[in-house]
Each structure stands twice: as C-alpha cells, then as structure tokens.
Amino acid sequence: EADIYQTPRYLVIGTGKKITLECSQTMGHDKMYWYQQDPGMELHLIHYSYGVNSTEKGDLSSESTVSRIRTEHFPLTLESARPSHTSQYLCASSGDRQTNYGYTFGSGTRLTVV
Amino acid sequence: GEDVEQSLFLSVREGDSSVINCTYTDSSSTYLYWYKQEPGAGLQLLTYIFSNMDMKQDQRLTVLLNKKDKHLSLRIADTQTGDSAIYFCAETPISGGYNKLIFGAGTRLAVHP
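So the protein lines, in turn, are chains S and E. Just so it is clear: in the first sequence, position 109 is 1420 by the numbering used here, and no numbers are missing. Just so it is clear: in the second sequence, position 59 is 901 by the numbering used here, and no numbers are missing.
Any given hint could turn out to be false.
Said to hold, decoys possible - Simulated crosslink set (DSS-like; lysine-lysine; CA at most 27 angstroms straight-line):
#, chain 1, residue 1, chain 2, residue 2
1, E, Lys898, E, Lys909
2, E, Lys878, E, Lys898
3, E, Lys912, E, Lys878
4, E, Lys878, S, Lys1368
5, S, Lys1342, E, Lys878
6, E, Lys912, E, Lys898
I should point out that these hints are in silico values taken from the structure, not numbers from a laboratory.
So here's chain S without its partners, still in its complex pose (with noise of 0.2 angstroms):
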C-alpha cells in the first residue's frame, strides 16, 4: 500500500547526541517536507525538497539538516541535540493528482532532548 512512514514514532535522548529522523514514502512523489509543530499546534516548515539532490531551507530556520538522494527517502539530521529541539516533526509528501496535490502526512516522530 502507497504511503508515508516515519521512523522511530518516539526518541528520548540526551543533550549533544547525533540523531537522524528517517522518513520514506512509496507514492513516488517528488516533493518532500519537514514541519515542526510546537505544543501551540502551529506548523512550521523547516526544510523541502522538489527531488533527488536539491532540498531547501523553509520559513523557519532550524540547525537541523536533510538529504535527498533517493526520490522515496528523505532524512532529517540534528548534529548536537538541544532541549530547544524538543518537538514534534512531521514528514509529507505530494505531487499526486488524486488529492489534487495535497500534502500526505507520515505519522510524526515525538522528539524529546533531556
């Protein structure tokens, strides 16, 4: 079934440590985004990509950082984890005329830096 996963659902993990949220869809979409969203509910788009090697930074500037090598996979990397990194991060794919491109949600990854 075409969707969007997002790995792992939850981390807890200290203050300084390298992390790596993966996210990888099977839609065959050529865009990709990242949202934080804060306890407010708020999204705010951190970073895109329109395809394999190009990516882009988004509205709100973040220390993470990604990569698109693959069309189907799109990581986020934070070097040094902060408690300020604490948050909730959302994947998203689209480009498909069914949904008149709409976005499609992965799941989340809850993020908490102690």
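Dock chain E against the given chain S, drawing on the hints supplied.
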C-alpha cells in the same frame, strides 16, 4: 504576504453541527484544503475545494468558499466524539508555485456529550 487565520478553539455538543472558519489572504490560491489531526498523529487530508467552486459536500462534511471575502468554512453535520481533533485550513498560493501549502494555526474541536 500569505497568511491563513483560524479561531483556535470550538466546543460543540454531540449531535450538533460544527462550523470551523478560516480566512486566507492570497486570492491566487487554486486549491484550499482541510486537514484533521488526531492526538499523537500526523495530518490527514479531509477534503479540498477548487477555487472556482462555491461549495463541496462529502457525506457529513460541507465546505463553503467565498472567494470575494477569502473565507473558507468546514461544516461537520451530526458531530460525534470521534470528530474531536485539530482541524487545519491550508491554501496553495501562486507565489509558492502551487508547491507549498500555507497552513493556518489549527482549530481545536472539542465534542462533549
């Protein structure tokens, strides 16, 4: 600039209708969307409307679009406790090449008995 605004909270009684409102600024938006987010989950596309339509109905959901006032609403008929969630309105402005959705801050719908 692009902006989407929603009221933050709505409380309704089970069985009543819920109406969630949204205003947007970019009249070039081609599609407008409603997403639902349940606790601890990602966003799920509920419905969308093309900008040349005034209304779209899908079972218990009715979307109304007033392009002149740049106002979008989502009506949920016979609201159930399972409808309790956060609802996001989103637009696709031409400035983003129709590639980037601009989301509102979300409306938290609480359904009580």
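Here's how the hints hold up against the structure:
Between lysine 898 of chain E and lysine 909 of chain E the alpha-carbon distance is near 14 angstroms, which keeps this suggested pair within the 27 angstroms criterion. Between lysine 878 of chain E and lysine 898 of chain E the CA atoms are separated by roughly 17 angstroms; this keeps the pair inside 27 angstroms, and the hint holds. Distance restraint check for lysine 912 of chain E and lysine 878 of chain E: the Cα-Cα separation of roughly 21 angstroms lies within the 27 angstroms cut-off, and the hinted pair is therefore satisfied. With a C-alpha separation of about 26 angstroms, the suggested pairing of lysine 878 of chain E with lysine 1368 of chain S holds against the 27 angstroms cut-off.
For the given pair, lysine 1342 of chain S sits about 21 angstroms from lysine 878 of chain E by alpha-carbon distance, which is consistent with the 27 angstroms threshold. Between lysine 912 of chain E and lysine 898 of chain E, the direct Cα distance comes to roughly 16 angstroms. Compliance with the 27 angstroms bound is thereby established for this hinted pair.
The earlier numbered hints are all upheld by this structure, with none contradicted.
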